[in-house]
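Peer 1: Here are the chains, one letter per residue:
There are 6 protein chains.
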Amino acid sequence: MRFDGRGAESLREVKITRNYLKHAEGSVLIEFGDTKVICTASVEGSVPPFLRGKGTGWVTAEYSMLPRATHTRSHRESSKGKVGGRTHEIQRLIGRSLRAVMDMNLLGERSVLIDCDVIQADGGTRTASITGAYVALYDALDGLVKKGELAAMPLKEAVAAVSVGIVDGTPLLDLNYVEDSSAEVDMNFVMTSSNRFVEVQGTAEAEPFTVEQMDAMRDLAISGIKRLFQIQKEALCQ
Amino acid sequence: MRFDGRGAESLREVKITRNYLKHAEGSVLIEFGDTKVICTASVEGSVPPFLRGKGTGWVTAEYSMLPRATHTRSHRESSKGKVGGRTHEIQRLIGRSLRAVMDMNLLGERSVLIDCDVIQADGGTRTASITGAYVALYDALDGLVKKGELAAMPLKEAVAAVSVGIVDGTPLLDLNYVEDSSAEVDMNFVMTSSNRFVEVQGTAEAEPFTVEQMDAMRDLAISGIKRLFQIQKEALCQ
Amino acid sequence: MRFDGRGAESLREVKITRNYLKHAEGSVLIEFGDTKVICTASVEGSVPPFLRGKGTGWVTAEYSMLPRATHTRSHRESSKGKVGGRTHEIQRLIGRSLRAVMDMNLLGERSVLIDCDVIQADGGTRTASITGAYVALYDALDGLVKKGELAAMPLKEAVAAVSVGIVDGTPLLDLNYVEDSSAEVDMNFVMTSSNRFVEVQGTAEAEPFTVEQMDAMRDLAISGIKRLFQIQKEALCQ
Amino acid sequence: MRFDGRGAESLREVKITRNYLKHAEGSVLIEFGDTKVICTASVEGSVPPFLRGKGTGWVTAEYSMLPRATHTRSHRESSKGKVGGRTHEIQRLIGRSLRAVMDMNLLGERSVLIDCDVIQADGGTRTASITGAYVALYDALDGLVKKGELAAMPLKEAVAAVSVGIVDGTPLLDLNYVEDSSAEVDMNFVMTSSNRFVEVQGTAEAEPFTVEQMDAMRDLAISGIKRLFQIQKEALCQ
Amino acid sequence: MRFDGRGAESLREVKITRNYLKHAEGSVLIEFGDTKVICTASVEGSVPPFLRGKGTGWVTAEYSMLPRATHTRSHRESSKGKVGGRTHEIQRLIGRSLRAVMDMNLLGERSVLIDCDVIQADGGTRTASITGAYVALYDALDGLVKKGELAAMPLKEAVAAVSVGIVDGTPLLDLNYVEDSSAEVDMNFVMTSSNRFVEVQGTAEAEPFTVEQMDAMRDLAISGIKRLFQIQKEALCQ
Amino acid sequence: MRFDGRGAESLREVKITRNYLKHAEGSVLIEFGDTKVICTASVEGSVPPFLRGKGTGWVTAEYSMLPRATHTRSHRESSKGKVGGRTHEIQRLIGRSLRAVMDMNLLGERSVLIDCDVIQADGGTRTASITGAYVALYDALDGLVKKGELAAMPLKEAVAAVSVGIVDGTPLLDLNYVEDSSAEVDMNFVMTSSNRFVEVQGTAEAEPFTVEQMDAMRDLAISGIKRLFQIQKEALCQ
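Chains as they are written, first to last, in the UniProt record's numbering: chain B, 1 to 238; chain F, 1 to 238; chain U, 1 to 238; chain H, 1 to 238; chain V, 1 to 238; chain R, 1 to 238.
The shape of chain B in the complex, shown without the other chains (with noise of 0.2 Å):
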């Protein structure tokens, strides 16, 4: 039994709000427990130079915490003048997971911009922002779609994440950020809904890992996020 009550192989409570703010092509508030992220899709008619005149597009991430997310304030880093190493490390992997599952030549010369902005943090941020993206991303391709600018859906399947931690020995999914800050072994599994892998990535923080936590706590992954999946397909037919 867990702290807040859940089993070991239980998500947090998981609420998708879309069409969040009015702006956006796509925009979503993504909640697992006290963890929320505002995630937006915004869609714009060029591409980077290096895809320039290839007929393809492009998918990117940046990913921001609000100072007061975070128990104790943390400094902007507009302020700071550069971006630190956690936020590139984690706007790189949201990019990287969402341009797994879209298909660029469908997209056209076209560039989806996703921001995830962090409004309050309780562990399992970046997890959060990549599903929570996925859904924006999905209303904001769907929106062109319907405006009749693009043929087809440019999405080839869906995209989910989740952590999973080892805590006092035992394999737990989707850690709180009193759990993650206890935990010996952090792991985040990106997948898609035919169950394969976009992106893994385990951590020993306190002590390394055997071949079967690994695998432990892949189990636990690949079943939380087949239950992100129903998720986010449950807020896409509201």
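Every clue listed holds true.
Cut-off 30 Å, straight-line C-alpha distance, at most; resulting in silico cross-link-like pairs (DSSO-like, lysine-lysine):
#1 K80(B) x K80(V)
#2 K80(U) x K22(V)
#3 K80(V) x K80(R)
#4 K233(V) x K22(V)
Just so you know, these hints were derived from the structure itself, not from any lab.
Given the coordinates of chain B, work out where chains F, U, H, V and R should sit on it, guided by the hints.
Peer 2: For chains F, U, H, V and R alone, kept in the frame of chain B given last:
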């Protein structure tokens, strides 16, 4: 009759949601129509170097917009590596406005950092920020009083702000984005609940303005800010 | 009677030296007592990207202080690697003030870059900058007219600025540094020669101010700026 | 049979040259085929602020490429004025990998700064960096033990890393640049000499991957890293 | 006969105006013909970290040009966010030149910060800066001696500088901008009043130069700098 | 007799290893005793904006040190976010030295980017960089001639550089770090194979120097650089 049905001297619907985020000592979501700003107040136990050892406190503010708060996506200042002129101007204004109603001796050697993050912009973000930040600041300081860390509330009176403009020759209260874009003159007033001014900023966007026009705008602002003090008070009574 | 013998409604001695530097199209040394600012106007044959192809021009300004313009040496913004908030605020103010009296269509697709470099500071550097920059701008544009590059002078009227403050309860015109440091309220007025306002900025440094105080400061400013228009006119007639 | 004649499960020729530079406490040139990285370990007598006074040490890493380590010259990050996302990601990975095998209490309040500078790149620079940095770190710490500054060697076990990928559907060990460019999946494994994982990072470059493919890559990595431990041991015995 | 009527071995008219600004401990306007530089010396009561506790002082310099000191306006380094290579080179040269004639033990743990701001450029700005900065430094230190803060003047001798070049095969003293632009060789000499060299910098702009040419330029420089020492001495006697 | 057994007029052992890296068009490892610098020459098909359309080429240089090239580790300039003054000074010197022996018309609209990366520093890194960069540049240009992209070799003659100093009153050729640290005067000479000077830079570190001392240093440098031309020629003949 205005675009959205308001009269010239009407505010948009203003909503203040307290305790919006769980980690901050004070946190508010303030809405002026479609303008939505998250205001947080974070208490820190130290002051900037120029105040150390003087037994007096400090209040400072930072302001930012989510990239997709606006019609077209704007670049993050963290990615550009520097804070722009408009941001500087606004966060200095918010800080001065709040300091004007503080008794810094009662605060002691503590800082309160105000963060105003615009999640959706439709005109008047700086005046909404000041009006909401006052409530977040109140909650943060009230918490210190209740915990016995402060002997008395260091706020001397309330502070709120509103924008006024001249559109097609007519003075209008609380401009939204469409009105603001076509205004000949734009003025921001920051007042305290004793009916005195903390900041007055008027800018001729298209045409210089006369003493009579300034007086008309000032009258509109005074009546609008009085209504804002009521709204703040109601929010704080809940 | 003020520290330097002036009455409450007197300007300091104001001197304008035209053609101060040999390379700039317009260049002025303006002195308000011990405040000395070099203002130059540089004409360039292009406009910023957002104006290209519209047949209209642009005026923009930059402001800086020599490190030892002040009592204690201040760090160079070039060494710090970024332009501070105060500098941003002032250079935006100067740019807006000058644009307000320009007919940008008459200017055509040209930019005028105003540089205001304070070589000695004794209060009122931003208002001295605006007042002097107008003369430098006039000279630069007049040169284009005389060379036949412009069909008509694009300046619609003159612009000048002055600071006013309340010190020990008394409204004073054109504060020097000592007065400014102890002022309860500080207001800057930018007006055109048709007696209309371009910018009004008032800040309560110590105590909020009343409608009556604002009106008293406004009256002082109007009379002071009228005198500045005479001084500008005399300088331009030499 | 691979492009360079290797079998799917073969490493490139790996060479470790110790004491490569004369000033560093530990320094190694490591070569994985044509990939060449200089790894140095520098001992400093202090720790970062968050660790001060705790009696415990720290290991951190920086990674860089010479501009012409690559086929086409890349810009220096010092000229661009910021460290890119890929560099951040890699240097954080190297630091975490080495810290995982350290007993920080035995190190005491000292820092070891690892520098990995790629002088020639042909794929696998991050895994070569980790493998070589371990040897440089060993030498630096061994020097402290021999000088009597440390009572015992703070390294608990060895750490090494290798990349694996799927190219044309076949899992291959230790990809060179040509193979890496056409890989469908790219995984990096960091393991300790007790056969446990410190870091696992898998990315689908072109096509998501299955559980079975992940297992096949993991098996290749485990056998490759075992061979790297032998090579490290041989180098340290010379 | 040169463009401006001078002979090959003549300086331009050199003027030194002391006490040019009211706040700095030493301040000079130096003019070499149309080249005009404001040099200030600011005394601070501390030294850089590498000198703390050694009882010895420091002199350092910063150099900048007003944007419109030049024919076409140059960008501010503060706006670009970094100090350029040429600026770095010049300010390091000025600092080294002045330190060469200082007795840092007599100065004690104090710093003197030299600022050289070019308000109008017509060639030779770095040599004018050194020549003027010496006088500003003298005045600042003399003030400390007169106030009894220093027991003795820490300047061991005078320092001055001049440029020499080869134009159309002829060695010329003190090049102005037009001459400098077409010079085949450009040399700067910094000398002390004991006829010794502090800095010698020669650069072949178009064609390498011979030993004989270097000697001819050196002779011109020695005679020119002797004249500069007279001018400095006359300025200091007024 | 010097510390390392050399006579006053002797170079350290100089070794030039060509084709040191596989990707660059020209690449050299140059060693002056324990000073080791990797010099590469990268050919690009474009020129900087100020040269476009003129049919003429460009050569520019960047210089850096590995953090642990030195006795104590130095911070990376990429982490500090800016290139320091010393680096700027050196890379500008290297660029000017190489451009002095180029026929830019023969090069056509191409750039050659020289990178000098010091992997181990023991004095004289800038002069070793110039001497090695010439060979890398030669190889890169020779490759273009052999591929028929250039009609003729654009190098007019060879260029090399050496440092000279006065230590304990004695002029010494090619100072190592220990000698450099205690030198009273430090001069760097860059010469072409026609015995003419491209750059001369002398700095009094402790004591100004006389005409006679300058002449003695110049004689040492001329003889040392003649020997360097032989070493370059031998390297290019292998």
